[in-house]
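Protein chains in written order, with the working numbering: chain F, 168 to 404; chain X, -9 to 220.
Do not take every clue at face value.
Listed below are the simulated DSS-like cross-link pairs for lysine-lysine, each with C-alpha atoms no more than 27 Å apart in a straight line [stated by the list, open to error]: (1) F:Lys404 to X:Lys210; (2) F:Lys200 to X:Lys218; (3) X:Lys203 to F:Lys404; (4) X:Lys76 to F:Lys171; (5) F:Lys381 to F:Lys353; (6) X:Lys73 to F:Lys255; (7) X:Lys76 to X:Lys58; (8) F:Lys353 to X:Lys218; (9) X:Lys92 to F:Lys404; (10) F:Lys380 to X:Lys218; (11) X:Lys210 to F:Lys353; (12) X:Lys210 to F:Lys355; (13) X:Lys41 to F:Lys229; (14) X:Lys77 to F:Lys228; (15) X:Lys153 to F:Lys355; (16) X:Lys41 to F:Lys228; (17) X:Lys153 to F:Lys353; (18) X:Lys76 to X:Lys210; (19) X:Lys77 to F:Lys404; (20) F:Lys380 to F:Lys353; (21) X:Lys203 to X:Lys76; (22) F:Lys229 to X:Lys76.
For the record, the hints were derived by calculation from the structure and aren't laboratory data.
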Amino acid sequence: MKKKENKFILMIAFIVLGIAMSMQFKSITNNNKTQNAVKHEYDQYIQQLRDEQETGEELNKKISNNIDQIEAYLLNSTDVTGRNTSLKFRWSLAKYNAGLTDVKGPGIIVSLSDSIVQSDDPMNSIIHDTDILKILNEIKKAGAQAISINDNRIISTSEIVCTGPTIRVNGYRYTNPFIIKAIGEKEKLYNLLEESVVIAILRQFNIDVKIEKKDNIEVYKYSGDLERTISSLEEVK
Amino acid sequence: VNRKILSITVVCIILGIILAVQYRSVYNNTYLEGIEGKRLEDIKTQLLMEKQKNDDLRLRIEELETQKEELEGAYSNTTSVEKTLKKELDYSRMIAGLTDVKGAGIVVTLDNSVGLVADSDILNIVNELRASGAQAISVNGQRIVAVSEIREAGRYIVINGNKLMPPYYIKAIADPVSLKNALNLVGGIAENFQEMYNIKYSIEMVDEIVIPKVDSSIIKTNYLEPMKNK
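Sequences and hints are given; from them, build the entire structure.
Below, the structure is given as structure tokens:
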């Protein structure tokens, strides 16, 4: 009697074991299948995204070249009477002060990318506009003289707006990672930013923050339409 | 008998382990799928944004090409070059914040008679105003330029190296209605001030606001070097 009972228990145990194993096998093959499909789709989108980003870089270069050509034309224009000489000089200086020229110099490069580690609250592991706003403010406190985000120059009207996984700067949307370049006293920029609360908090939430000191950082000019940028302003003489 | 009990025990232990492993594997798989799905959605959104940005860039190129053609049409005409130069100079100086400007806009008043106004409050308002199209902004007479910092110093705020005392008057020039609407959005900045921080806050639309120029010594360029021939 006892023998039979034991055998019965064993049989049930093996049946359960068999079902469990086949379920697992099925589940794993299924998962592999869907994961492969997802991966394939993912790779396709990544490729498209890279192509589009490359196109964007080329377009930016074209814009920059066009602006350079227009400026060169104005600066090299014939000026028999010499009337325009002082205008040209003042214009170059004003452009320099407004962020309308490409500049280089010592400074820091800050790279930020969203956390790869999943946190309980997904809002914690992504970068918000207020984070970047605060970082920019810290950089300005440290006396930065020229700043760009993803190579878009920060000027007096530059906004930082977060929409989903993107950040809008000067009307253009940028996606993660965010690269902030700042020219100024590099030690001061580096130290003040490294000690700042905003960076400490981002690091706590596993945001990948990298701050590098560099001797030759290139910050490009603002390339938006100037007339539109000041369309509501009238000079008070 | 003891041996049989032992063998059943061993089988049960193995079964238990296998079940646990399977549970773990299934759990992991669903978890991973969730992440991949989320990433895929992100990538799709990014792609859309990138395409939209490139379209905007193409429009900008068209604008510049037209501008170039117009200029070339005016070739060797000193007067028309002079006119363009003057215009460009004015635009540049306005963008740099080197001229007094006027226009329609709003005045935001923040009074910390009850709560304390933090630097981040002003930073957020200024950013919100920029996002809704503000073309010139000042806080208590300090023009906000590209390099203007906003620093908290006890009960004061320091901007452009100048100590500012409350109440804070933030002036902005752009379409007053869209500026006001942006600040008054549900769940927006205005609501936060009134409900959470107990800060006195008001917005006034004005037909003509004057915003002073920045002290030009604020804009330093000693670390900058112009880039030639990239």
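Checked hints:
A hinted pair counts as satisfied when its Cα atoms are at most 27 Å apart, and lysine 404 of chain F with lysine 210 of chain X qualifies at roughly 25 Å. A C-alpha spacing of about 54 Å is found between lysine 200 of chain F and lysine 218 of chain X, which places the hinted pair above 27 Å, so the restraint is violated. For a cut-off of 27 Å, the pair hint linking lysine 203 of chain X to lysine 404 of chain F stands: about 11 Å separates their Cα positions. A C-alpha spacing of about 105 Å is found between lysine 76 of chain X and lysine 171 of chain F, which places the hinted pair above 27 Å, so the restraint is violated.
Our distance criterion of 27 Å between C-alpha atoms is met by lysine 381 of chain F and lysine 353 of chain F, whose separation comes to about 7 Å. Proposed proximity of lysine 73 of chain X and lysine 255 of chain F is supported: the alpha carbons are some 12 Å apart, at most 27 Å. With a CA separation close to 17 Å, the supplied pair lysine 76 of chain X and lysine 58 of chain X stays within the 27 Å bound. Between lysine 353 of chain F and lysine 218 of chain X, the direct Cα distance comes to roughly 22 Å. Compliance with the 27 Å bound is thereby established for this hinted pair.
A hinted pair counts as satisfied when its Cα atoms are at most 27 Å apart, and lysine 92 of chain X with lysine 404 of chain F qualifies at roughly 10 Å. Taken as a hint, the lysine 380 of chain F and lysine 218 of chain X pair is honoured in the structure, with Cα atoms around 23 Å apart against an allowance of 27 Å. About 15 Å separates the Cα atoms of lysine 210 of chain X and lysine 353 of chain F, which keeps this hinted pair within 27 Å; it holds. The straight-line distance between the Cα atoms of lysine 210 of chain X and lysine 355 of chain F is roughly 15 Å, inside the 27 Å bound, and the hint therefore holds.
For a cut-off of 27 Å, the pair hint linking lysine 41 of chain X to lysine 229 of chain F stands: about 17 Å separates their Cα positions. Of the pairs offered as hints, the one joining lysine 77 of chain X and lysine 228 of chain F holds, with about 25 Å between alpha carbons and a cut-off of 27 Å not exceeded. Restraint check for lysine 153 of chain X and lysine 355 of chain F: satisfied, since their Cα atoms lie roughly 22 Å apart, inside the 27 Å limit. With a C-alpha separation of about 17 Å, the suggested pair lysine 41 of chain X and lysine 228 of chain F falls inside the 27 Å cut-off, and the hint holds.
With a C-alpha separation of about 26 Å, the suggested pairing of lysine 153 of chain X with lysine 353 of chain F holds against the 27 Å cut-off. Between lysine 76 of chain X and lysine 210 of chain X the CA atoms are separated by roughly 24 Å; this keeps the pair inside 27 Å, and the hint holds. At most 27 Å may separate the alpha-carbon atoms for a hinted pair to count; lysine 77 of chain X and lysine 404 of chain F meet this at roughly 15 Å. Distance restraint check for lysine 380 of chain F and lysine 353 of chain F: the Cα-Cα separation of roughly 6 Å lies within the 27 Å cut-off, and the hinted pair is therefore satisfied.
Using a Cα cut-off of 27 Å, the hinted pair lysine 203 of chain X and lysine 76 of chain X holds, with the two alpha carbons roughly 19 Å apart. For the given pair, lysine 229 of chain F sits about 25 Å from lysine 76 of chain X by alpha-carbon distance, which is consistent with the 27 Å threshold.
Consistency note: the structure conflicts with the earlier hints numbered 2, 4.
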